[in-house]
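**Q** The listed protein sequences derive, respectively, from chains A, B and C. What the first sequence shows, in the working numbering, is residues 101 to 540, in sequence order. What the second sequence shows, in the working numbering, is residues 50 to 357, in sequence order. What the third sequence shows, in the working numbering, is residues 13 to 293, in sequence order.
No lab work stands behind these hints, which were simulated from the structure alone. A quick note: this is a predicted structure, and the numbers were derived from the prediction, not measured. It is possible that part of the hints are untrue.
[Stated by the list, open to error] Derived coverage of chain A by chain B (criterion: at least 3 residues anywhere in the stretch with Cβ under 8 Å from a Cβ of chain B; other residues may be distant):
id : stretch
1  : 422-430
2  : 516-528
[Unchecked claim] Dumping the calculated EDC-like pairs for lysine to aspartate or glutamate here, alpha-carbon to alpha-carbon at most 20 Å:
id : chain 1 : residue 1 : chain 2 : residue 2
3  : B       : Lys129    : A       : Glu534
4  : A       : Lys540    : B       : Asp210
5  : A       : Lys356    : B       : Asp259
6  : A       : Lys540    : B       : Asp112
For glycine and all other residues, C-beta sits at the position ideal for the given N, C-alpha and C.
Read off the chains here:
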Amino acid sequence: MRKLSTVLLAGLVVTAGAGTALAADKTEISVSRFFGACEADYGSVTDVTKANGECGIITALINKFNAESTTTVVKPEIVEWPGYDQLTARIRSGEPPVISVMHEAVISNYSSRGLLEPLDEDFAKAGIDVNDMTDAARQGVTKDGKIFAMPFDTHTWLWHINMNLFKQAGLVDEAGKPILPKSTEELFAQAEQFKQKTGKPYFISTLANETAFYTRTFDTLLYQQNADFFADPNKVNFSSPEAKGALQLLSDIYTKDYTTKNQDYAASVSSFAAGDGGVFICGTWLVDTYDQEAKKEGVALSNGYAVMPFPQIYSGSPRVWADGHSWVLLKQDLSDAQRASAIEFMKFLWDNNYEWARTGHLPIRKSIIDSDQFKALPFRADLAPLAVNGTALPSAVKLQFSIQDIEGEEVGSAMRGDKPVDQALADAESRINELLANAK
Amino acid sequence: MTDVTLSSARPVAAKRPGGASIGPRWTNALFVAPYMVFYVLLLVYPLFKGIWMSLLQSDMFDDTSKFSGLANYYRLFNDKVFIGTVWNTVLFVVMTVPVFVVIGLLLALALNRSDRTAAALRAIFFGTSVLSVTIVTIIWKMMYMPGNGAIASVMRYFGLDPIAFTTTASLALPAIAITTIWWIIGLPMMLFLAALQQIPGELYEAAALDNASRARSFWSITLPSIRRTMLVVVIYEIVAQFQLFGQAQLLTQGGPNNASRPIVQFIYEQGFRSWNLGYAAAASEILFVIMAVAALAQFFASRKRVEE
Amino acid sequence: MAASEHIVGRGIGNKLILFTVILVAVFWMLPIAWTLLLSFKPNSELMISTASAFQPPYTLKNYTDIFQSSGVFRWLWNSAVVSVGVTAGILILSSLAGYGFARAEFKGRDVIFILVLLGLAVPEQAVIIARHQIFSDLKMHNTYPAIILPGLSSAFGVFLMTQYFKAIPKDIDEAAMLDNASRFKIFWKVLLPLTIPAQATLGIFSFLGAWNDYLWPLISATKPEMFTITVGMASTQTNFAQSEGLGFLMAQAIFAGLPVFIVYLFFQKYIVRAVAGAAIN
């Protein structure tokens with residue numbers, strides 16, 4: 101018995117020793133991210149150009165980094181989207197990841213409580229030229245004058261278009277471009293025409309089980325009317341005629357059956373691919389996925405996919421809801437080596453930002469937006485203005501994800517007819533203001 | 050406590066020091082001490098800490114907690130969403146508990162036999178109870194999905210408009226209830242089965258001699274005999290269903306428009322999403338009060354049972 | 013199983029009832045069958061529509077993918093460690109305390125017992141926020157003890173074991189006392205073996221409870237390598253996972269459900285008896 105345990109123990113020591121010997125060469129840092137898990141398909145892919153979609157590209161990027169770096173091993177920790185509940189719990193427990201992906205909209209929650217490391221000096225040392233950041237990205241990651249994150253993309257709200265159905269509906273011009281509405285009247289006229297000719301709803305939208313569609317679309321409609329609903333960052337104002345008009349518009353789209361109903365995110369994503377409607381209002385992250393789908397033969401989208409910025413249907417401005425993914429360094433007792441490794445990884449993402457932009461997201465570097473390589477990607481010429489028109493909530497607004505949830509819940513209940521428009525706006529306003537009044 | 054008299058009648062002299070003795074001794078407390086450590090540190094202390102926290106305005110990451118008296122409670126009672134969650138939770142209990150009792154009992158009656166078929170059927174109905182809530186919700190998402198879900202496909206096959214269970218305000222909570230019943234109907238069924246097997250067969254034989262109908266022997270023999278089990282099932286299920294969380298959080302996220310958000314989800318979200326610890330703690334105290342009433346009822350019911 | 017068989021044991025109604033129940037059972041199985049079916053379909057097809065579920069092609073790729081990449085194995089292991097830990101802890105603590113409350117007198121015992129009974133009324137959810145703070149301050153989250161220990165404070169086991177010890181005839185331990193055995197020896201050698209049925213009941217309930225616990229691991233085990241299977245499966249059912257890998261998600265669900273289901277089939281007899289035991293108690 102004693103012999104056996106001695107042997108076992110010796111074996112343990114040897115294997116443990118081997119393990120540490122390997123790890124000693126490189127510093128390991130944990131990187132927490134969402135974007136899904138797809139090691140099954142991309143687990144060993146280090147050639148990023150062969151990867152597609154958010155999940156594939158980020159997985160391949162990290163693989164590539166790990167293969168190339170002589171000093172650092174990134175240990176990805178994949179979390180549920182958006183993952184802030186668990187990140188919060190992790191920070192509170194004193195064991196945050198070294199780096200985490202974070203929406204720019206929520207950075208200030210964490211930075212204002214001293215939970216993130218400012219990165220200006222590190223970026224300067226690493227040779228990251230912050231002047232190359234797009235304005236949207238730089239504003240998104242700058243809080244109280246300091247940079248708190250490495251921006252990764254600007255993502256906005258798009259119209260993904262099924263051109264095969266648009267042709268059938270007579271909504272394609274001679275140049276082969278989709279005809280899109282320029283006013284609310286045109287919107288209803290075209291939606292009706294589409295419905296008559298194809299028998300399908302004009303819109304596909306994610307109306308079920310999440311609030312993102314409602315908030316992002318509603319915000320966009322407010323921006324287009326130049327309604328400044330967060331003039332005071334501690335108080336939302338939804339009592340304007342613009343807000344009422346926008347919500348009424350959504351409600352009319354619903355009651356007139358111009359959209360698919362009751363689809364959750366997964367259902368709406370597949371519904372568009374299956375050709376169940378003309379326009380899928382969703383984000384930049386699906387551009388590449390649908391573009392790949394359109395290259396297949398014999399599917400609903402075959403040779404018939406286009407994507408455009410959210411068209412301006414009010415006379416105010418072409419602004420659109422936007423946010424950005426970014427990477428933050430969480431405050432904790434980091435060794436110099438860990439910090440250096442973290443910055444090394446951020447620099448790598450900065451250098452490879454073009455690859456991420458292949459998903460459909462907008463790059464965060466001016467030099468990439470202006471590059472021929474980027475412009476050569478499909479649809480990007482049409483989408484490039486979004487880097488300017490994409491609009492986020494003022495960074496002084498706290499608890500932006502909670503606000504988006506409340507706003508989305510109320511907008512959704514009015515759009516689906518569960519609540520009168522006025523009451524939903526009043527409820528949204530009072531709930532958000534109550535939240536902000538109690539927020540630190 | 051008859052043991053004292055009993056043992057004193059026996060020769061005590063044979064006992065040497067070191068052996069166990071009857072009667073109070075402080076070392077006897079060592080048996081309960083290990084458990085009491087956990088009980089005090091992880092139940093009693095958090096309970097009082099929670100009550101204290103509910104009187105503070107405190108942020109998860111900000112140490113500037115301020116005493117604010119009953120402000121959190123005042124805010125709760127004026128919070129439409131919170132009142133909604135209480136209402137949803139009560140509604141959920143009302144929806145599920147009678148079904149657990151009725152279907153549980155019917156299944157138990159039908160499967161109270163010793164052949165293999167019945168054993169297999171019991172295994173099926175109880176088997177789902179061993180799955181975790183996250184697996185159950187994955188399975189039922191695939192049933193409820195409006196576009197591609199199984200139910201929608203069947204309805205479309207018959208030319209009907211698919212019903213959007215999880216996304217219609219009036220159907221979200223019933224959908225969660227159906228899922229929950231599917232998940233854990235096994236326990237009440239088993240409890241009833243156990244009770245049925247305690248009923249002496251002679252009672253039914255006598256009834257059979259009297260030519261009593263099946264319904265009659267059910268009402269006059271079965272039901273009275275399992276009365277107490279029924280009470281236990283009712284109270285157990287009330288307490289259990291008040292704790293609704295995972296199914297709602299994963300199937301509907303509490304939506305649409307808060308129509309299916311239970312109290313526990315409210316606590317979780319206030320704590321970990323809005324970082325409003327005092328407010329979350331206050332909500333959990335309300336839940337505690339509601340459930341304490343139910344649990345005390347259970348205690349008295351079971352005590353009565355022991356006495357009888 | 014004689015007793016009330018009579019109630020169904022006569023008339024032609026009997027067959028009808030059985031038939032109905034079998035029909036219900038088939039419906040009961042449908043959701044799992046549907047999940048199983050989808051788990052054999054390629055993800056790309058399911059992304060368009062699940063209507064193709066009844067036609068080939070079928071694939072095992074979703075399952076082989078689990079072996080390559082998914083965290084499921086690690087999560088299952090964590091769940092096993094946690095559930096065994098909770099079960100063992102509860103059995104030990106509850107047996108000791110149950111014996112103490114039922115047999116070993118000391119000053120203030122009855123008052124303490126009533127205080128413990130009051131603990132039955134405290135739901136986990138009512139103390140969850142404070143508990144999270146406590147474990148945070150101790151920097152203990154994301155460890156096995158953090159996931160296991162709160163489960164040990166439950167009063168249910170103590171209550172159950174106390175009742176059971178009380179039901180054992182006192183003559184048995186009195187005889188042992190005459191042999192001059194120590195309290196602990198009586199507990200360990202004489203009485204504990206008699207409580208094995210109750211241990212089984214409590215053990216099975218504790219194991220299943222720990223295995224399926226969701227709320228506490230959700231906020232305590234927040235590092236993916238510390239996820240229990242329940243939390244891990246929650247993390248995979250995000251919207252994105254659903255749209256990109258429906259079949260894979262289904263395969264994971266089936267795979268994650270299997271171990272405990274197999275255990276259940278093996279121990280079915282005992283589990284049934286255990287539940288019945290709890291009912292009679």
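**Q** Does each hint fit the structure? Answer for all of them.
**A** Comparing the hints with the structure gives:
no.: 1; hint: 422-430; in the structure: violated (count 0)
no.: 2; hint: 516-528; in the structure: holds (count 4)
no.: 3; hint: B/Lys129 <-> A/Glu534; in the structure: holds (11 Å)
no.: 4; hint: A/Lys540 <-> B/Asp210; in the structure: violated (47 Å)
no.: 5; hint: A/Lys356 <-> B/Asp259; in the structure: violated (67 Å)
no.: 6; hint: A/Lys540 <-> B/Asp112; in the structure: holds (11 Å)
Consistency note: the structure conflicts with the earlier hints numbered 1, 4 and 5.
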